[in-house]
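Could you put the whole structure together from the sequences, leaning on the hints where they help?
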Amino acid sequence: MSHLFALPWLLPTPPDFRARAKALARSSTPDETEARRLASYAMDFSDLEMLGKAVRAQVNSWGAKSGFTPFKIGIVSSHTMDYVAAALPGTGLRHGVLIDVVLADYGQAAQQLLEPASEFASRNLDGVLISLDYRALGFADLRLNAREAAETVSAAVDYVSSLADGVRNTIRATCILQTIVPPSHAIFGGLDARIPGSPRAMTERFNARLLQEVARGKDLVVDAAFLACQVGLHAWNDARGWHKAKLPASLDAVPLYADHIGRLLGAARGKARKCLVMDLDNTLWGGVIGDDGLEGLVLGQNSVVGEAHVALQRFILDLRRRGVVLAVCSKNEDATARLPFREHTEMVLEENQIAVFMANWSDKASNLREIAATLNIGIDSLVLLDDNAREREQVRQVLPEVAVPELTEDPADYITLLADAGYFEAVGLSEEDMARADFYQANSERISLQKVGNLEEYLRSLQMVATISSFDAIGRVRIVQLINKSNQFNLTTRRYSEGEVEAFENNPFKFCLRVRLADRFGDNGMISVVIFDIGSDEWSCDTWLMSCRVLGRRIEELVLATVASAASNAGAKRLVGTYIPTEKNALVAEHFAKLGFAKLSELADGASTWALDLETYRSPELPIRVVYANELSPAAVSHA
Amino acid sequence: MTLIVTVLRIDAKPEGKPTMLRAVGEARLIAIMRDTFDDDELVYRDDLTADDVIGWDSLSHVPFLATVEKSFGFRFTSAEIDSLKNIGELLDVILRRATI
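Going down the list, the sequences are from chains A and B. Once you know that position 388 of the first sequence is 387 in numbering that gives the first Met the number 0, the rest is easy, because the numbers rise by one and skip nothing. Once you know that position 97 of the second sequence is 96 in numbering that gives the first Met the number 0, the rest is easy, because the numbers rise by one and skip nothing.
Keeping only pairs whose Cα atoms sit at most 30 Å apart, straight-line, the calculated DSSO-like set for lysine-lysine is:
id, chain 1, residue 1, chain 2, residue 2
1, A, 273, A, 64
2, A, 245, B, 69
3, A, 52, B, 69
These are calculated hints, taken from the structure and not from any lab test. As the structure is a computational prediction, the values presented were derived from the model and not from experiment.
See the structure below:
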C-alpha cells in the first residue's frame, strides 16, 4: 500500500490527465461526468491546481443545475493556507461539492470575523474554517510553571471561542473548527505528556477543550491532529517549509488535507455515501464459495488471511451500527452465496443485516443500479468493495458516480483503505442513524462495564457463551492445529494428523468435541478439543486439551459436564482419564483430581489413571451460556 | 532518470561548463518550468530569474522547488534554498545533488 499522502484508495492519474483537465477548462459545454472522473484520480498538488482552474472556469456553467452542490468557504489562518485553498476546488468535485474559497491574509482572523464591515461579512460565506497553528496560540515554548501553562491554554481557548462566535453571529456561517497538530519533537521525551506546559501537553489540552467547550452541535470539525497522527508527525510537519513559507504542513500533505476538508463539506451537504455494497468471494471471506465449499473458505482463527477477513467483517458491522446500509453484489448462485451466512461459524455478518442481497451472474453495474433503486437512494450514494480489479474497472467505466476504492492484493489492507477513503464521513450521529442500526442500544447496554467484587462475579460479568460442536470439516484445520501444538494444558499430548482427525469425525466409537468461547470482549475462537473412547461401561479420555488463554474460566467443568451427560445417557457407569506427564504439562497434573476423579493408579513413568463415578457425579452450575452446534446431542451419541 | 545516470558516468565534468549532462538537465528543468508556470514559450538561460517569468512568484516558488526535488530525486537544504539567485545556480545545485 502506498503512503497515505498518495491517497492509495484512488487510482493514479493517467498520462493524459493534464491534457484532459486543460480541455475541461476550455470546453464551452463542460462535461460533469468527465469532471467527476478526473477528480476520482489521486491528484498531486500540481494536478489539483490544474483541475481547480477548470472548476473556476466552469463554475457558472455548472452552477445550480449540476449534480454538484456549491459551498463557499472562507479560511482564516495563522499560516499559509494558499496551497490548501488552491487544492480545494479540484478536491471538492470528488465529494460532489463545488468549492469556492475566500482566503484571508494570514494573521487576519479577528479582523475578518469580528468586524461586521469586513470582507468576509460581505461575501455570503457558507462556512468559515478557523485554521490555527500551535505556534500562533503560544504553545511553541516550554512553560515550566503549570499555572502559566493553564493560562496559556485558556487564553487560546478564549481566542478561538470568540472567533467561533464571530463566524456564527457576525458572518452567520457554519463554523468549521480544527484541532491543532502538535509539534513532532519532544523537549523532555515521554515526560512531555505529563508536563502541563510542554508544547505537546498544551496542544492536547487545547484540543480537548476545543471539542468540549467551543464546538457546538452544528459546527464542523476538521480533526487535523488525528490526521497528522495517522500520517506520522514527522512526515506531516515540515520545518523547512515552515521557515521558507509558513507552511502548516508538508506540501505533500496538501492533497490529503484538502480531501479531509472536502469530504467534511460534502458530508455537511448530504453528499456522504450511504450504502456499502460488498463483493463476497475473496472480499468478505478468503476463497470462492462455489469452488471451495464451506470447508475450503479461509475465514477466522486458522490463518492470517482468515483473520483479516473476520476483522474486515467486524469493521463493516461497526459501519452498519452507525447507520451505513449494507448490500451484497456477488457473481454466484443465490443459494451458494448465502450458505456461509447461514452455516459458517466464523461469519460475523448475518444475512438479516444485508438490506439487498444480489447474487447472480449479471454484470455488477446493472446490479448496482438495481440496489440503488431498491433502496431508493442515488447511485452516487454507493461504495463498492470488490477485490477483483476487472469488476472495479467495469463499474468505474459504466457508473463513475459509484465510489470504488482501489484495493491491494492483501485483505489485511482493506479496512485501512476503506476507512481512509472517508466515504462515510459523518458530521454528527443522529437519532435516525441510531434507529437504523436496530440493535445498537441493546448492544451498548450489554457492553457497559460494571465493577466486580469476586471471581464468580467477574466470570458472570464476562457473559461467556461456549459453542460446543462435534468434530466437523469446518473446524478440522484448527482442531489439527490445537492437537499438534498444545503443550501445557494437554493431558496426553497425543498428536494426530489431519487424516486421522477426519477419520474420527465418523467413527462411532469416538466422542469428539470442540469448544469455542466468546465473551463480551470478543471471540476467543476454538479453545478446547476433547476426544473420549466410547465403551459400554466406561468412556476413556484419549485427548483433552485447552488453550491457556481461557484458564480459570471453568471451561474444564463445562467440558466434563458435557461428556458426563453424554456418557450417562449412553448407559456408561464411569469416565476414565489418563495423565501422561511431559516436560511442559505439569500444569494439568492435578486436572482430574480437581474435577472430582479418584486416582486409580500411578505408574513408574509418572503417568496416572483416574476415574469418575457417573452415578454420584452432579454437574455444577456454571457462569457460561452453552450453545450446542451440529447435532451434538446426547441422543445422537447413545446410538453408538 | 536512467538517461541521466548513464550520461553522468561517461561525461561528468566540472561545474559550469556546458556538458551533455548539463544540456539534459536544462531540458528537464525547462520542461518543469513550462508546466509549472504555464508558459510554453519559456527558453532556458542561466540568468533567468523570477522577475522574467509571469506566474513565478513567491507562492508558486514552493511547489516549483518541490517538483524539482521529486523529479530529480533529492531534497534541497535550507541553505541551498536561501542561496539560489537564478536558474543557472539552481541547475548547478541539481547537477551536484541529483542522486545516481
